[in-house]
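Make the full structure from the sequences, and use the hints.
Number of protein chains: 4
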Amino acid sequence: MHPDERQERVRSSFAKQGLMTTSGATLGSVSSGMVEIALSPHPAISQQHGFVHGGAVSAIADSAAGYAALSLMPADTGVLTTEFKINLLAPAAGERILARGRVVKAGRTLTLAQAEVFAIAGGKEKLIALLTATLMAVKGRDGISN
Amino acid sequence: MHPDERQERVRSSFAKQGLMTTSGATLGSVSSGMVEIALSPHPAISQQHGFVHGGAVSAIADSAAGYAALSLMPADTGVLTTEFKINLLAPAAGERILARGRVVKAGRTLTLAQAEVFAIAGGKEKLIALLTATLMAVKGRDGISN
Amino acid sequence: MHPDERQERVRSSFAKQGLMTTSGATLGSVSSGMVEIALSPHPAISQQHGFVHGGAVSAIADSAAGYAALSLMPADTGVLTTEFKINLLAPAAGERILARGRVVKAGRTLTLAQAEVFAIAGGKEKLIALLTATLMAVKGRDGISN
Amino acid sequence: MHPDERQERVRSSFAKQGLMTTSGATLGSVSSGMVEIALSPHPAISQQHGFVHGGAVSAIADSAAGYAALSLMPADTGVLTTEFKINLLAPAAGERILARGRVVKAGRTLTLAQAEVFAIAGGKEKLIALLTATLMAVKGRDGISN
Numbered sequence: 005m006h007p008d009e010r011q012e013r014v015r016s017s018f019a020k021q022g023l024m025t026t027s028g029a030t031l032g033s034v035s036s037g038m039v040e041i042a043l044s045p046h047p048a049i050s051q052q053h054g055f056v057h058g059g060a061v062s063a064i065a066d067s068a069a070g071y072a073a074l075s076l077m078p079a080d081t082g083v084l085t086t087e088f089k090i091n092l093l094a095p096a097a098g099e100r101i102l103a104r105g106r107v108v109k110a111g112r113t114l115t116l117a118q119a120e121v122f123a124i125a126g127g128k129e130k131l132i133a134l135l136t137a138t139l140m141a142v143k144g145r146d147g148i149s150n
Numbered sequence: 005m006h007p008d009e010r011q012e013r014v015r016s017s018f019a020k021q022g023l024m025t026t027s028g029a030t031l032g033s034v035s036s037g038m039v040e041i042a043l044s045p046h047p048a049i050s051q052q053h054g055f056v057h058g059g060a061v062s063a064i065a066d067s068a069a070g071y072a073a074l075s076l077m078p079a080d081t082g083v084l085t086t087e088f089k090i091n092l093l094a095p096a097a098g099e100r101i102l103a104r105g106r107v108v109k110a111g112r113t114l115t116l117a118q119a120e121v122f123a124i125a126g127g128k129e130k131l132i133a134l135l136t137a138t139l140m141a142v143k144g145r146d147g148i149s150n
Numbered sequence: 005m006h007p008d009e010r011q012e013r014v015r016s017s018f019a020k021q022g023l024m025t026t027s028g029a030t031l032g033s034v035s036s037g038m039v040e041i042a043l044s045p046h047p048a049i050s051q052q053h054g055f056v057h058g059g060a061v062s063a064i065a066d067s068a069a070g071y072a073a074l075s076l077m078p079a080d081t082g083v084l085t086t087e088f089k090i091n092l093l094a095p096a097a098g099e100r101i102l103a104r105g106r107v108v109k110a111g112r113t114l115t116l117a118q119a120e121v122f123a124i125a126g127g128k129e130k131l132i133a134l135l136t137a138t139l140m141a142v143k144g145r146d147g148i149s150n
Numbered sequence: 005m006h007p008d009e010r011q012e013r014v015r016s017s018f019a020k021q022g023l024m025t026t027s028g029a030t031l032g033s034v035s036s037g038m039v040e041i042a043l044s045p046h047p048a049i050s051q052q053h054g055f056v057h058g059g060a061v062s063a064i065a066d067s068a069a070g071y072a073a074l075s076l077m078p079a080d081t082g083v084l085t086t087e088f089k090i091n092l093l094a095p096a097a098g099e100r101i102l103a104r105g106r107v108v109k110a111g112r113t114l115t116l117a118q119a120e121v122f123a124i125a126g127g128k129e130k131l132i133a134l135l136t137a138t139l140m141a142v143k144g145r146d147g148i149s150n
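Chains as they are written, first to last, in this note's numbering: chain A, 5 to 150; chain B, 5 to 150; chain C, 5 to 150; chain D, 5 to 150.
Please note that a few of the clues may not be correct.
Copies of the same chain are indistinguishable here, so a pair counts whether it falls within one copy or spans any two.
[Said to hold, decoys possible] Below, a list of computed lysine to any residue pairs in the SDA-like style, where the Cα atoms sit at most 20 Å apart:
(1) Lys130 to Arg106
(2) Lys130 to Ala97
(3) Lys20 to Gly54
(4) Lys130 to Leu102
(5) Lys109 to Lys130
(6) Lys109 to Ala79
The set of hints was computed from the structure by calculation and includes no laboratory data.
Here is the structure:
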């Protein structure tokens, strides 16, 4: 696939993720093996202390890692997360929450990817979470496409 | 704390989680060391294949584990997730998605909890995810209460 | 495979694990989807505080989970751990350290298993670690058999 | 603490880890927030297919991450691993297995560290495992010192 096609595939798939739209998440830069997703803190995605909910942080981090993996996969392949682990290092607060996903090792069946999540405020980035995910390439399963 | 007070604390905290309301999640049974949270699949929380997004599954699983931990903590304590790991075993589809959190080991500072997530359809439960989380008890931090 | 053959396969594979012999680990009960491995604390497997090293605890927990998975796999299949996560809940000290592995969900390619690790002293068991592992069934790879 | 004292503390603690000696592991470079530990593959630390056992890989990775954390902690503090997650990406085979631990975020109580593990053969390094660990600083607990 041409890099433009890969990007287009990621953007088209992202647009179908209802949770991303509901959360107000936006897709940032998409390149081979690296994808960014951002979120603006607001009450609809908060936890009980007013910070962005760990589930919302996990969702954009998981999606950033998953799309980084998808960006390196063949055209007829979809991607599923089989497992992830996330360390939440500091409260998710600030003007913007940014997840940067990148592929650590791409394999035929399984890909390992990480996402760093930053809280951005006053022009400064602070690392607030680190996710590691295993993504599986899937072909021709019912209901699984990009 | 009296069990009723513990339950009330969990219910009051849950009501403040914007993401839970936005996702349409509802709090089920709350007892000492065990909490259930349910979700009905709908497009606003889907991923690109139409299943419930792994981020939404993680959010209810993390919250169920966290509230199970909180249900055993002293009155003046809040709870924060420091890390979790989730294995996504099958697509999250069906009539209802149910996360059952339970404490594995309660400690003074750190509590280990797990949540099993089931997809319910036609009266049958299918295990679709397993989460393990480390929860931290926090006292008197700025902005951290229940 | 007959249950006896499955048991025999696990026992034969375990005997080939140099690290298990070196650590003094012994294979306990083996049944379909459940395997126990035990260890006696001694200085050769300690960490700096004199407790059993987390790496040795992880090794028997990972092996117990892996053999629990292998016990359910077809005859021509080997097993590899693709990832695991372990929470170390208390120092590994006592007369005996016992890992109990069990399959959570067996799949064609990936199996999810858990192992609980107990420290046994004075006839009492104390949970000291919890491991979750993803195991992959492998066929016909160079150098991979049971 | 002076950097030399920090290094000395790590080296002295490492020498007390029976499992490291038993495994034939050696401590490599030690600097502030970064520690290397190496291992030579041999039958005493193998799994059933002849590769280095995942438990031995985990042990050096966990120790490298833990000592990277300890290298940044105050003089009167010991370190304990509370949890780790490791992805095993390729068989651990080659002339040497090298774990490189580095601190991702140092905190007062909890530190997050990672370790990359490489298999070295013919002058080439291949990433074979990635570990993420949470380390806890401990003071004045019975039996816990460096």
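Enumerate the violated hints, using their earlier numbering and listing them in ascending order. none
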